[in-house]
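S.K.: Chains as they are written, first to last, in the working numbering: chain A, 1 to 349; chain B, 350 to 461.
Just so you know, these hints were derived from the structure itself, not from any lab. Computed from a predicted structure; not experimentally measured. For each residue, glycine too, the CB sits at the ideal point set by N, CA and C. Where hints are given, some of them may not hold.
[Stated by the list, open to error] These stretches of chain A come out as covered by chain B in the derived footprint (C-beta under 8 Å, 3 or more residues):
| id | stretch |
| --- | --- |
| 1 | 204-213 |
| 2 | 216-226 |
[Said to hold, decoys possible] Quick partial rundown of chain B residues pointing at chain A, CB under 8 Å, derived from the structure:
| id | residue |
| --- | --- |
| 3 | D388 |
| 4 | E393 |
| 5 | T418 |
| 6 | L421 |
| 7 | Q422 |
| 8 | K423 |
| 9 | E427 |
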Amino acid sequence: MKSLHAQHHPLADTGYQLTVLTQAEVEGAHQPLFATRLREAGLLPLRPTGITVMQVNVGKMCNQTCRHCHVDAGPDRTEIMTRATMQQCLDALRQTPIEVVDLTGGAPEMNPDFRWFVEQISALGREVIVRCNLTIIVANPKYYDLPEFFARHRVRVVSSLPHFSAVRTDAQRGEGVFGRSIKALRMLNEAGYGVEGTGLSLDLVYNPSGAFLPGNQAALEREFKQRLVREHGVVFNSLLTITNLPISRFLEYLLDSGNYESYLDKLVQAYNPVAAANVMCRSTLSIGWDGQLYDCDFNQQLDLLVDGRAPQHIRDFDLAALNERSIVVNQHCYGCTAGAGSSCGGATT
Amino acid sequence: MEKATYYNPADLAKFGNITEWQPEMGRKFFDYYGEVFKDGALTEREKSLIALAVAHAVQCPYCIDAYTTDSLQKGADEAQMMEAVHVAAAIKGGAALVHSVQMMNKAKELSM
Numbered sequence: 001m002k003s004l005h006a007q008h009h010p011l012a013d014t015g016y017q018l019t020v021l022t023q024a025e026v027e028g029a030h031q032p033l034f035a036t037r038l039r040e041a042g043l044l045p046l047r048p049t050g051i052t053v054m055q056v057n058v059g060k061m062c063n064q065t066c067r068h069c070h071v072d073a074g075p076d077r078t079e080i081m082t083r084a085t086m087q088q089c090l091d092a093l094r095q096t097p098i099e100v101v102d103l104t105g106g107a108p109e110m111n112p113d114f115r116w117f118v119e120q121i122s123a124l125g126r127e128v129i130v131r132c133n134l135t136i137i138v139a140n141p142k143y144y145d146l147p148e149f150f151a152r153h154r155v156r157v158v159s160s161l162p163h164f165s166a167v168r169t170d171a172q173r174g175e176g177v178f179g180r181s182i183k184a185l186r187m188l189n190e191a192g193y194g195v196e197g198t199g200l201s202l203d204l205v206y207n208p209s210g211a212f213l214p215g216n217q218a219a220l221e222r223e224f225k226q227r228l229v230r231e232h233g234v235v236f237n238s239l240l241t242i243t244n245l246p247i248s249r250f251l252e253y254l255l256d257s258g259n260y261e262s263y264l265d266k267l268v269q270a271y272n273p274v275a276a277a278n279v280m281c282r283s284t285l286s287i288g289w290d291g292q293l294y295d296c297d298f299n300q301q302l303d304l305l306v307d308g309r310a311p312q313h314i315r316d317f318d319l320a321a322l323n324e325r326s327i328v329v330n331q332h333c334y335g336c337t338a339g340a341g342s343s344c345g346g347a348t349t
Numbered sequence: 350m351e352k353a354t355y356y357n358p359a360d361l362a363k364f365g366n367i368t369e370w371q372p373e374m375g376r377k378f379f380d381y382y383g384e385v386f387k388d389g390a391l392t393e394r395e396k397s398l399i400a401l402a403v404a405h406a407v408q409c410p411y412c413i414d415a416y417t418t419d420s421l422q423k424g425a426d427e428a429q430m431m432e433a434v435h436v437a438a439a440i441k442g443g444a445a446l447v448h449s450v451q452m453m454n455k456a457k458e459l460s461m
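Next up, chain B with everything else stripped away, as it sits in the complex:
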């Protein structure tokens, strides 16, 4: 028997099955999703790199697999992919650190 884990890579291919329990919303979501990733003001490759960065920020293993593959398919190289993840890391780190201003404000308020 397969070892049970919270994430099963094979489930990624079953994403489309979410329409089984709510067809209309599911369909609308996938139509929107498809539209979002089309070449537009941003290229498909740029969108894929943004998705890769966001995948790391939201720590979604399915999305990391999907957008690593997709970034490679769109012609991105290792340097571009790692820089995208650093952007996510900088924003995540910055988001934590910028709150330290609030900490400083509160500490000052409570201190003599």
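Okay, chain A solo, but in the shape it has when bound:
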């Protein structure tokens, strides 16, 4: 499977994606503007509560081409963060009390400077989260020691596993991904990850593999824990449920399968004002592979830069100005406010 970008698909154009997302409203339809719902909740303009997480997307290159990927990542994507831009991130970090750096991609480990970056962040005494797709660990012998590398730097590993069944996982992430993910999870367990008493944290991310919302996070976690330990001898710490946002390849899937309208309706009907107050963009700064600044990784993939009154590139980092910015919202934001809410840290209510 190729990325939308490599296929020259119309949805590779983020302007076109935004047109699709706002069309229902333009046609005078039933899906109210997200901004209107925020205004009703007294949350517009949406302001940061203070940046506590710097989320860095170190590149779109990935060994997988998942059907729901909001980054449109894949082996054919070459956009990758340079060491110079990483240095700018470190310079910014040094001036702030931001405690957590969340590394994502693509497969972040495929960036040639990934390990250097982790070491530098770690040396600054900040916690590192790696959004690891699991299969990268077993993709090539040069990655086999990643679990030990992560353990050495006390990296928090957050990994996608959309289901405890191979059928549902492979339908979303590709043929054979489930089996390779289980192999990688065993390697992480062997390095102490997810094992009680080690302090090495391994969280799994559940994304629905289809046009439906995630169920109750605690109930799904119980089920995942039972099944994974019983059937595969695998342990982990927490399950984080994340709603699929209707952008990029998931948007393509929704349109192709005829589920777009009903999925948007589901998100709008499940709008939860409490989740709206807790959205992750209020406490996150997202940095793109080229150093540009965004309110979240979803806005990043839609090319929606931070509000122009704040600096828009990491070289011009100014924490006070960024904490004063208005967060950019659009119709895709309904994905983070549906039901129990959704964020990179799972449910928000």
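Let chain A serve as the given structure and place chain B on it in line with the hints.
M.R.: Coordinates of chain B only, in the frame set by chain A:
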């Protein structure tokens, strides 16, 4: 014009409107319904799978749509969902077949 059928999928979302003609009973029904499906001695997922099986037994297309979606949301997989429907099918088939004992009794009663 839309083709007229006895079942319109869009009607499922209008289920709540039944309270318009009988608010008190409708409200009591939905309160009870909500209470039934909460996590309890059975998990929400188990209850959803039971509802899916019953939906097939009572052959309600609205319920099949609703509880297929709900089962997926609760984390059920294809194997669990199909096994639930087999339970319904086994009980429905068994219910027909067990009556054959009555048939046999009656036939014996009438026969030499």
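S.K.: Do at least three Cβ atoms from the stretch 216-226 of chain A come closer than 8 Å to Cβ atoms of chain B?
M.R.: Since three or more residues must qualify, the claim that chain B covers the stretch 216-226 of chain A holds, with 6 doing so at under 8 Å.
S.K.: Hint validation: B:D388 versus chain A, beta carbon distance must be below 8 Å. Holds or violated?
M.R.: Status holds, d = 7 Å.
S.K.: If you take the shortest Cβ to Cβ gap from B:K423 to chain A, is it below 8 Å?
M.R.: holds, 4 Å
S.K.: Taking 8 Å as the limit, does the beta-carbon of B:L421 come near enough to a beta-carbon in chain A?
M.R.: Holds. Min distance 5 Å.
S.K.: Restraint: B:E427 near chain A, CB-CB cut 8 Å. Satisfied or not?
M.R.: holds, 6 Å
S.K.: Can we keep the B:E393 interface hint, with Cβ of chain A closer than 8 Å?
M.R.: Check passed: Cβ of B:E393 comes within 6 Å of chain A, closer than 8 Å.
S.K.: Holds or violated: is the Cβ of B:T418 closer than 8 Å to a Cβ in chain A?
M.R.: Nearest chain A Cβ about 5 Å off; hint holds.
S.K.: Have a go at the B:Q422 hint: is there a Cβ in chain A nearer than 8 Å to its own Cβ?
M.R.: holds, 4 Å
S.K.: Between the stretch 204-213 of chain A and chain B, see if three or more residues pass the 8 Å beta-carbon test, and mark the coverage as holds or violated.
M.R.: holds (count 5)
Every hint, counting from the list given before, is met by this structure.
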